[in-house]
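Enquirer: Residue numbers for the sequence shown follow the numbering used here, beginning at 1 and rising by one.
There could be a bad hint or two in this list.
[To be verified] Simulated pairs of lysine-lysine, DSSO-like, Cα-Cα distance not exceeding 27 Å:
#1 Lys158 x Lys305
#2 Lys462 x Lys242
#3 Lys658 x Lys672
[As the list claims (entries may be wrong)] Restraint-style ranges between C-beta atoms, simulated for each label pair:
#4 Lys315 x Glu66: 51 to 61 Å
#5 Glu18 x Gly628: 50 to 60 Å
#6 Ser338 x Gly74: 29 to 39 Å
#7 Glu440 x Thr389: 48 to 58 Å
Keep in mind the hints are simulated off the structure, nothing from the lab.
Predicted, not measured: the structure shown is a model, and the values here were computed from it.
Every residue, glycine too, gets a C-beta built ideally from N, C-alpha and C.
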Amino acid sequence: ETYIHLKEAIVKDRGQHETVIPSELPLGQELTSTLREWAVIWHKLYVDNKTTQFRHVQQLTYSLIEWRSQILSGTLPKDELAELKKKVTAKIDYGNRILGLDLVVRDDNGNILDPDETSTISLFKSHETASKRIDERIQEEKPIFNTTHTYSLYVNFKNFVCNIGEDAELLMSLYDPDLSKFISENYLVRWGSNGMPKEIEKLNNLQAVFTDLSSSDLIRPKISLVCQIVRVGHMELKDGKKHTCGLRRPFGVAVMDITDIIHGKVDDEEKQHFIPFQQRQLIMSPLITSHVIGENEPLTSVFNKVIAAKEVNHKGQGLWVSLKLLPGDLAQVQKDFSHLVDRSTAVARKMGFPEIILPGDVRNDIYVTLIQGEFDKGKKKTPKNVEVTMSVHDEDGNLQEKAIHPGAGYEGVSEYKSVVYYQVKQPCWYETVKVSIAIEEVSRCHLRFTFRHRSSQESRDKSERAFGMGFVKLMNADGTTLRDGKHNLIVYKGDNKKMEDAKCYLTLPCTKTEVEEKEAPSGKNLHHLANFTPTKDSTKDSFQIATLICSTKLTQNVDLLGLLNWRSNSQNIAHNLRKLMEVEGGEIVKFLQDTLDALFNIMMEMSENETYDFLVFDALVFIISLIGDIKFQHFNPVLETYIYKHFSATLAYVKLTKVLNCYVGNADDSSKTELLFAALKALKYLFRFIGIFVACMTAILRQMDDFHYNHYINTFKTRQDIVDFLMETFIMFKDLIGKNVYAADWMVMNMMQSRVFLRAVNQFTSVLNRFFLDQANFELQVIVPLCLGCPTDPSPERREEQTNKSQD
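Produce the complete structure using the sequences and hints provided.
Expert: Right under this line is the structure:
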C-alpha cells in the first residue's frame, strides 16, 4: 500500500530557495499551516500540565480539522462554503489571540490581505477592525454573569385560575417591598370571562421580558413579582343589564417573592411557579351593610399585607408562570436566548435608566402615577365614585392619539380611565402609566385629567358630566422638563366646554406650588382668575400625581440644557461651558453623546474664534475624569463606543493639541497646575480624540521614492537644518520601533513599518556620506545606532515568509 498522496502544486523561485505552493483553496492551505503551528503549542501545553488551556486548544483544533475535511471534500454549495469560511477565519483569529500568535488581517471576504498590495491606512484600519472583533469574541467567551452590567427577567405567563365572572386586566410588575416602590413598568394581560386570553392568538404565547435591571437591582434584599387584578364590568358583580358596565374595579392581587431567582440561586425556565391570588378582605362595615371596607383598600397596601402574611387562603386560585434571569440588555438576550425572547415577546422597561446607557439608545418615556385625590361630595349624601380620565393634548387642545401605555404587550390608548372606588372621599389609586410622545412634541404638550362621578345605574351614569379638571405641562418655561416627584394639581370646576378648551386653562397655574409662587410677590389670591365659573367648593378638591422622566434627550437641568441648545443661545456659551463642570455626574452620563457632540460642534463651528477653545478642552477633560471616577467607571465602554462609532470632528485635533501644548508649556504657572494635572490624567482619551498619526506618517514615507527624498533634503537652507532633521527623524524611528507603537501581535503592520523606516534610513545614508563623514564636516551626534529589527520573535513560518519577501 502507498500512503503518499500526490497533490498539484505551483513551484516559485526554482532552485535552492524554491517555494512550493499547493494548488488547493487558500483557506485549506491556511488551515493546514495553522493546525501545524498549533500542534507544537498544544504539545507544549500538555508537557507543562496546563490542563485548561490544553483542552481549550483541543476543542479549537478538533473544530478546525472537521471544517477542513468539509472544505477539501469540495461538496459544499457556494453559500454554505462562504458561511463556513466566516466561521473558520473567526475561529483561527480567536485561537491565534489566546495562544499569543500573530494577528491575521483579512478583507471582507475572509481572504488574507497582502501588505504589498494594500495601502498603509487600509492595513491599519483592518488591524483595528480585526482586533476589535477578536476582543468582542473573547468577551463573549468569558462567564457572562461576571462581565455584564444589565440583566433581564424573562416571564412566561402560563395560566390564570380565578372565578371572576367578568373580564379582567392583569398588571404584572417588579416591586421592592422594603421601599414600597415599583421597579418596572407593567406587563398587561387582558383575560376574558371565559377563562382565556381576550385575544385567542395569545393563548400559550404570553411572554414578557423585564429589561434594564442593573447589578444594584440584583442585590436588593427583597424583590417581588406582583400582579394587580382589575375587574372590568359592573360596579357590583351581582348587577344586571340595566347597570353601568365597562367600569374598572379593583379585585385582588397575587405576589411572589423572586429574590432567589434574581440572585441567581434558582435557574430553571421550565419550572412552573404558582402565585396565589388574594382577593380583598371581606370585612363587613357597620355603616355600609351592602359593601365591604376591604374592597376600597388601595392595591399597594394589599401588596404589603400579602407579603407580610405567612400564608394566603387562595383556595386554588392564582397564576402559573415560569421565570428566568437573563444576562444582557434586550438586544443581547434576543441574540443569546432567541428560543425564549423573540419579536412577539412584550418588553417591560425599568422605570429608570440601566447601569449603562449606550450611544444610540434613544429613550423618551414619561411615567405618570395617579396617587390620590380628595373630592367633596357636594349635594350628594354619600361620597362620589370618582373616575379619572387622563389624556395628552398639545397647546391647541388636539388629542395625541395612542400616547398612553397602561402596560407592555398592547398598543397605546388615547384616553386612560382609572379604577373606580365605591363611595370613597379620598381614593388612592397608585396607578402608573407610560406616556410616549415624539421628543419635538414634548414642549407643546400637557397632560389633562378630568374627574367624573360614575353611577352604578346606567340611566343616571349617562347624564353625569365631568365635575372638574386638572392639567400639568410637560415642559417648564425655562425649557427644562417637568421635575421628577409628586405634584399637587389644582382641580378646576365650571363649564364643561371651557374644561375642554386648552386656550381657557393653559394660562392658569396648574399646581399649588405655582399658585404660591405667583401669589407671594403680588399678595393676591389667584384662584378666582380661572375662566371657569367659581364655586364655593372648588378649593376643597385636591389631586396628586407623581412623574418620572426617563429620557436621553430631555433634561431637568437648566445648565446642561443651555449647553445642549447652544446654537439658540450663543451669547451664553462661555457661561454654559463653565456651568457644565458643576452639573451632577449622573445627569451628564445620561446625555453623554449629546454633550460630547455639543462640545465638538462648538469647537468646530467657532473655529475662527479661540475664545471657547480652552473652555471646551476643560469641559472635555472634566467629562473624561468623570468617566474615570469609580462611580461611573462602567461608562468606559460608552465612551469607547462614542470614539469608535460616533466621533466625527476630524479637525478637532488642531485645537486640542494647541491647548494641550499651551498647558504643558506653562507648567510653571501655578494657576494652571490643576488644569494640567487633570489633562495629563485624561491623556489616554485625549489622544484618542486627537488621533493616531503613526500610520499616516508610515503611509507618506512608503509612497516616497528617490526623487521625493532628494527634493525634500534640498529644501533645507542650512547644514544645521539638515542636522536637526536627521536627529529628530532617527530618534523618532528608534522610539517608534523600540516602544512598539502597535500591538505586539500586529506582526504585518510592525514588519511593514520596519521595512519603510529601513528604506528611509538607507536614503538618509547618502545624505550622511555627502555632508557629515568627511574630515572637515564630521558630525558624531547624527551617527546614532538604529536597531531596525522585528519587534517580536516570529514563528518559523512567519520568519520564512518575511525573508522571502524582504530578502533580509
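Enquirer: Give a verdict on every hint.
Expert: Checked hints:
{"no.": "1", "hint": "Lys158 x Lys305", "result": "holds, 26 Å"}
{"no.": "2", "hint": "Lys462 x Lys242", "result": "holds, 12 Å"}
{"no.": "3", "hint": "Lys658 x Lys672", "result": "holds, 15 Å"}
{"no.": "4", "hint": "Lys315 x Glu66: 51 to 61 Å", "result": "holds, 58 Å"}
{"no.": "5", "hint": "Glu18 x Gly628: 50 to 60 Å", "result": "holds, 57 Å"}
{"no.": "6", "hint": "Ser338 x Gly74: 29 to 39 Å", "result": "holds, 33 Å"}
{"no.": "7", "hint": "Glu440 x Thr389: 48 to 58 Å", "result": "violated, 26 Å"}
Hint 7 from the earlier list is the only one contradicted by this structure; the remaining hints agree with it.
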